[in-house]
Amino acid sequence: MIRINTENYRDEAIKGINDPVLQKALADLQVRFGRGTAEAYRNLPEGPGLRRKAHEIRMKAVENLDILLERLSEKIRARGGHVFFAEDADAAVKYCLETARKHNVRLAVKGKSMTTEEIGLNNAFAAAGIEIAETDLGEYIIQLAGEHPSHIIAPAIHKTRSEIGLLFSEKLKIPFTTDPETLTRAARKALREKFLSAGMGISGCNIACAETGHITVVSNEGNIRMSTTLPKVHVAFMGMERITARLSDHDILFRLLSRGAAVQKMAGYVSYIGGPRQAGHADGPDEFHLVIIDNGRTKILADEEFREMLCCIRCGACLNVCPVYGKIGGHAYGYAYSGPVGAVVTPLLVGINRAKDLCLGETLCGACKDACPVDIDLPRMLLLLRSKLADGDSKWNAGRENTGEKMLYGIWSEIVQRRWAYDAMLGLSREGSRLFTGKDGMISSLPFFLQGWTESRDMKPPARKSFMRQWKKLEKQRRVK
Amino acid sequence: MNDYGQAKFLNNIRKALRVDCKRVCPDLFCRQSAEESMLTIDRISSRPHSLRLLLLEKMIEAAKPLNLNVIPVKTLPEAAQEIIKLASEKKPEWGDEESVVLWKHPLIEEMNIVEILRERNIAVIFSNQPDTGQTERDRLVKESAGSFIGITSADYCIAETGTLVLKTAPGNERIVSLLPSIHVAVIKLEQLIADFKELYTLLDKNLENDPEWIENGMTFITGPSKTADIEATMVHGAHGPRELYIYVVTGTC
Numbered sequence: 000m001i002r003i004n005t006e007n008y009r010d011e012a013i014k015g016i017n018d019p020v021l022q023k024a025l026a027d028l029q030v031r032f033g034r035g036t037a038e039a040y041r042n043l044p045e046g047p048g049l050r051r052k053a054h055e056i057r058m059k060a061v062e063n064l065d066i067l068l069e070r071l072s073e074k075i076r077a078r079g080g081h082v083f084f085a086e087d088a089d090a091a092v093k094y095c096l097e098t099a100r101k102h103n104v105r106l107a108v109k110g111k112s113m114t115t116e117e118i119g120l121n122n123a124f125a126a127a128g129i130e131i132a133e134t135d136l137g138e139y140i141i142q143l144a145g146e147h148p149s150h151i152i153a154p155a156i157h158k159t160r161s162e163i164g165l166l167f168s169e170k171l172k173i174p175f176t177t178d179p180e181t182l183t184r185a186a187r188k189a190l191r192e193k194f195l196s197a198g199m200g201i202s203g204c205n206i207a208c209a210e211t212g213h214i215t216v217v218s219n220e221g222n223i224r225m226s227t228t229l230p231k232v233h234v235a236f237m238g239m240e241r242i243t244a245r246l247s248d249h250d251i252l253f254r255l256l257s258r259g260a261a262v263q264k265m266a267g268y269v270s271y272i273g274g275p276r277q278a279g280h281a282d283g284p285d286e287f288h289l290v291i292i293d294n295g296r297t298k299i300l301a302d303e304e305f306r307e308m309l310c311c312i313r314c315g316a317c318l319n320v321c322p323v324y325g326k327i328g329g330h331a332y333g334y335a336y337s338g339p340v341g342a343v344v345t346p347l348l349v350g351i352n353r354a355k356d357l358c359l360g361e362t363l364c365g366a367c368k369d370a371c372p373v374d375i376d377l378p379r380m381l382l383l384l385r386s387k388l389a390d391g392d393s394k395w396n397a398g399r400e401n402t403g404e405k406m407l408y409g410i411w412s413e414i415v416q417r418r419w420a421y422d423a424m425l426g427l428s429r430e431g432s433r434l435f436t437g438k439d440g441m442i443s444s445l446p447f448f449l450q451g452w453t454e455s456r457d458m459k460p461p462a463r464k465s466f467m468r469q470w471k472k473l474e475k476q477r478r479v480k
Numbered sequence: 000m001n002d003y004g005q006a007k008f009l010n011n012i013r014k015a016l017r018v019d020c021k022r023v024c025p026d027l028f029c030r031q032s033a034e035e036s037m038l039t040i041d042r043i044s045s046r047p048h049s050l051r052l053l054l055l056e057k058m059i060e061a062a063k064p065l066n067l068n069v070i071p072v073k074t075l076p077e078a079a080q081e082i083i084k085l086a087s088e089k090k091p092e093w094g095d096e097e098s099v100v101l102w103k104h105p106l107i108e109e110m111n112i113v114e115i116l117r118e119r120n121i122a123v124i125f126s127n128q129p130d131t132g133q134t135e136r137d138r139l140v141k142e143s144a145g146s147f148i149g150i151t152s153a154d155y156c157i158a159e160t161g162t163l164v165l166k167t168a169p170g171n172e173r174i175v176s177l178l179p180s181i182h183v184a185v186i187k188l189e190q191l192i193a194d195f196k197e198l199y200t201l202l203d204k205n206l207e208n209d210p211e212w213i214e215n216g217m218t219f220i221t222g223p224s225k226t227a228d229i230e231a232t233m234v235h236g237a238h239g240p241r242e243l244y245i246y247v248v249t250g251t252c
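So the protein lines, in turn, are chains A and B.
Residue numbering for the first sequence follows numbering that gives the first Met the number 0, starting at 0 and increasing by one per position.
Residue numbering for the second sequence follows numbering that gives the first Met the number 0, starting at 0 and increasing by one per position.
These are computed hints drawn from the structure, not numbers from a lab.
C-beta atoms are modelled at their ideal positions from N, C-alpha and C, and glycine is treated no differently.
Be aware that a few hints might be false.
[Unchecked claim] Distance condition first, Cα-Cα at most 30 Å in a straight line; then the derived DSS-like pairs of lysine-lysine:
{"id": "1", "chain 1": "A", "residue 1": "Lys193", "chain 2": "B", "residue 2": "Lys90"}
{"id": "2", "chain 1": "B", "residue 1": "Lys21", "chain 2": "A", "residue 2": "Lys298"}
{"id": "3", "chain 1": "A", "residue 1": "Lys368", "chain 2": "B", "residue 2": "Lys196"}
{"id": "4", "chain 1": "A", "residue 1": "Lys298", "chain 2": "A", "residue 2": "Lys394"}
{"id": "5", "chain 1": "A", "residue 1": "Lys101", "chain 2": "B", "residue 2": "Lys141"}
{"id": "6", "chain 1": "A", "residue 1": "Lys459", "chain 2": "A", "residue 2": "Lys438"}
[Unchecked claim] Listed next, the stretches of chain B that the computed footprint assigns to chain A, with coverage defined by at least 3 CB atoms under 8 Å from CB atoms of chain A:
{"id": "7", "region": "4-16"}
{"id": "8", "region": "140-154"}
{"id": "9", "region": "202-212"}
Based on the provided sequences and hints, a complete structural model is requested.
Okay, structure coming up:
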């Protein structure tokens, strides 16, 4: 049921690079958001250093998760809400399906949530014959087209307005138009009917507050407010790490989240939800369910070197600056999470070997760390994942990816420790490289395992005489003079 | 007893963290120092009228790029006149019937707008009738969805970002600021605060007096509903209100 295609990274990346529409969309996105976010951090009254403070807040929450989750569930239950702890995706999906069946739900409306993508909720509902309508405009477009999101906050950036116009004229039976306003209005009308008739609303959770016992949901369109206010039953899904201790922590976190996600000082709508409709209230759901999901997160929590990854608030800022994401697009990452965050979190969730290309494909340039609103050191963890692939790690069930590489480095280490062996090797390669040097004086193809070096560029052959030998000769001449 | 997987789940977390469930973290829920919080609250409550007007100017600036209309008015009746004018200029989005849905709120009652609206044949819906049943509630949602204007007040308003803070309460329903095509909020200048730091200090203070102050809901609204999901082109009115007007009553002095 869960869609994991991390093995197709190479093919999908090539497809992305050769797609001119995607290339333009990604370039525009990165210019607008990437640069804007950096400026927004600089314009903070506290300066970009505020991200460090946010990191501390997040880390403290992660290190006290058990206490915070206990408090959150206690508070929500006291208001008549239900809290379910799901160890894996199956348990979470099953609970939600059972709740839907109990209430004879035929249609559910859903606000954008990457966690529900992670657990494959839509497919499970479809198999059970219950319709889930995506309500974020981008997600709605993707759902109508039968595709998957390619960006955490801008899921349909890979589609042009004329593609969307065609799609809407076919599915919504409206006259063809490329005008974004008319198209948006058509979706508004179609989804309005669904909001008003749906039996269940489904949402994610941005950052819950343990102290007061509320989840929070953030959107610009208002679709999440609709999904969590109108249907009789609201089911919210949260990754277990998406919580903070105190209400006032939200001051820094929301200001940074809004800047990281969409270069805003504050997102359009932030809602605190702490349970079902209270007595005397005229709106809100009769039942509120919170599903707290582990699904591999305790494993990340247990490893102190990767624990930092649980600080992530899924804003998508790192996607907007990543040179690799900016070329290959989101589909290559093969799972709910794309870009640098996906390159670290996906291998940890689905298996380091299985998703190896994701972390091998990144450049380690460090842009993602600078863009992260909670200052997560993604490059450090990308390197760490690569070291697991090189050396293997039983704790992560990671096997050594390339035994030849390990052997070669073993030999290399023996050679560089011995002067004579090093000189001999250099001499050999100097002579050997001549065999492959073409007429233009460049090496354009090397044999066997060395071919990777010349696959995409030509190399200059080593100089006839080494620097050391030239230096010695010059030194001798100088003394003679 | 079914604890819905809680004990085992939390135990897994403790194992991963290598901690004991009996550990104490005295500072985990500790709020900012009482002294600092008192200073902030004093600053807000004793802020002179002139400084509040400066905040209002700041908010009008912040509102421009958001397509948010912030309109200073001297008195509540003036606010009512402005809203009536707005209602006469705008056409309903769904159907031909003109109706306005209102919060039950002292500020809105003081405005005396209901009579004027009725005189102009605009239907008036109150968001809360006491002890409503399911069918009543369903009807209210349906009627609110058909309204072209929803009128609320707010608990606070943040000048830096133009954000309205609305606590859910009986009579102060969420749908009024969500379903109508145009959202109108009426606030007093005294409700205007500088930034989110001030807001969270005030919220902390409220929680100190009443830990359940937020109850089951609170919403921050910054500008009208918007989307940029089609080729990153900004369109207002994705699902929520297409337009948002905030009338700030500054007083006559």
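Structure-based check of each hint:
{"no.": "1", "hint": "A:Lys193 / B:Lys90", "result": "24 Å, holds"}
{"no.": "2", "hint": "B:Lys21 / A:Lys298", "result": "22 Å, holds"}
{"no.": "3", "hint": "A:Lys368 / B:Lys196", "result": "26 Å, holds"}
{"no.": "4", "hint": "A:Lys298 / A:Lys394", "result": "9 Å, holds"}
{"no.": "5", "hint": "A:Lys101 / B:Lys141", "result": "25 Å, holds"}
{"no.": "6", "hint": "A:Lys459 / A:Lys438", "result": "12 Å, holds"}
{"no.": "7", "hint": "4-16", "result": "holds (count 11)"}
{"no.": "8", "hint": "140-154", "result": "holds (count 3)"}
{"no.": "9", "hint": "202-212", "result": "holds (count 4)"}
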